[in-house]
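Enquirer: Chains as they are written, first to last, in our numbering: chain H, 2 to 255; chain F, 1035 to 1242.
Calculated directly from the structure, the hints in this document are not laboratory data.
Treat each hint with caution, since some may be false.
Residues of chain H placed beyond 12 Å of chain F at every Cβ, according to the derived structure [what the hints assert, rightly or not]:
1. 160
2. 195
3. 244
Footprint (simulated), chain H over chain F, 3 or more residues, beta carbon under 8 Å [as the list claims (entries may be wrong)]:
4. 1116 to 1124
5. 1189 to 1201
Every residue gets a Cβ at the ideal spot worked out from N, C-alpha and C, and that includes glycine.
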Amino acid sequence: MLRPRLLAPVFGLALLVAGCATVPPETDPEARAEYFERNDPLEPLNRAVFAFNEAFDHLLFRPAAEAYRILIPRPLRTGIGNVLDNLLVPKTAANQLLQGKPKEAAGSAARFIVNATLGVFGIFDVASELGLEPRFEDFGQTLAVWAGTTHGGPYLVLPILGPSTLRDTFALPFDVAMDPWTWVGQGDQVQRLRMGRTVTQAIDAREQFIEPGDALRAQSLDFYAALRAVYLQRRERDIRDEGRPQVRRFFDAR
Amino acid sequence: MRVHRRGLLAGLAGVLAVAPTARANTPDAAAAFIESRGTALKQVLDSDAPLAEKRERVADILREAVDVRGVAQFVLGRHWRTANEAERAEYLRLFEATLIRNLSARFGELRGLRFTVSRSQPRGEEGVLVTTMVEQPGQAPVQLDWLVSFASGRPLIVDLIAEGTSLRITQRSEYSAVIQRGGGRIGALLDAMRRQLSTLEQRELAQN
């Protein structure tokens, strides 16, 4: 017997499936090509989550990022960003190993040690000056390398977390588990530090996205579709390791 | 710097030898082309000419350097074929106007840009990819890659890739979404483009 409480999600799922776009017939190859390029069979649901995320961003996320920019001066933000970046390096090294790139993994290990010591807990990116430029890998990219394709399955918009794909969503819990900082230390204080790191990371990322995001929104006829295209292309670039290493600068106009 | 000068020289040589045969299909020629068009654009952006005159001069540079019609067709994708003559003409008009106004609405912030051509590599059939670093004073440089095609016999920009994101692919995805959500009508896209254009016109007035 299905109880009402169980019925609601089942009903929701049925609605969702009904709302799915259907694959165009074989007689219309161009429409099919467009459908597969769009890669978004759950578009109606994704758009709903996207609208929620937009409201969240408008009310909370973006104001927090703006406050961060106003309250914390540029050099300090760069130092904080460098610390956050350095904390991501062990996970990156692990993924580089899993992707069969031992040389890059060694580079990351060296980068982490140099910045954690000479760079004072990662505040100063000394490693970049020595030619060890920042690279970031996550488990979603590793899965892509293993699968031998940049195609990550259907596009998904996750609540709060934003653009993703089926593969990247699947990789998320592994990604958290692979991060050594998930396991180091215990107690309330450590727990608070971990929370603080996650929140600061999100705000830092949003702060960097203020201008590019505004520009994309201003230029686009359909912001949802634009963001989807940008996310899928960026992800492909990251999987192929074709991105340009971004070194944070201490003295910029904003 | 050396790369520039070599590129420039090759470009000059290419221009001098601009025989009907399009032999200048080389990375050096593409780099020289981007260098010269970029410099021309920068001159206009930095000038103190009145808004309308600046916009006209930018428009001239874009029309000459960009394969506007080719890009517009690519962006419309499969809907180009189903569009009738009037729709096509209106679409092309709006596409070009949007391209120009997207720049002119930001004349204020585009002042004092510096750019350097850093690399130029062949991309098979598509043409040559020219990498530039564009820097605004006091801000981190941005990498812009220009896809230059020689298919028409002279160099033409067919795509702009900003930090790994292709403008024409992103735009195609958007335009097809607008058409799809408008019930498959190209008219829905044209309406949206008209609205965007008037927003840009207002922004241009407000910012300049």
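Enquirer: Give a verdict on every hint.
Expert: Now the hints, each set against the structure:
1. 160: holds, 21 Å
2. 195: Given that every Cβ of chain F is farther than 12 Å from that of residue 195 of chain H, nearest at about 29 Å, it holds.
3. 244: violated, 6 Å
4. 1116 to 1124: Coverage by chain H is violated here, the residue count being 0 at a Cβ distance below 8 Å.
5. 1189 to 1201: Result for this restraint: holds, n = 4.
The structure fails hints 3, 4 (numbered hints given earlier, in ascending order).
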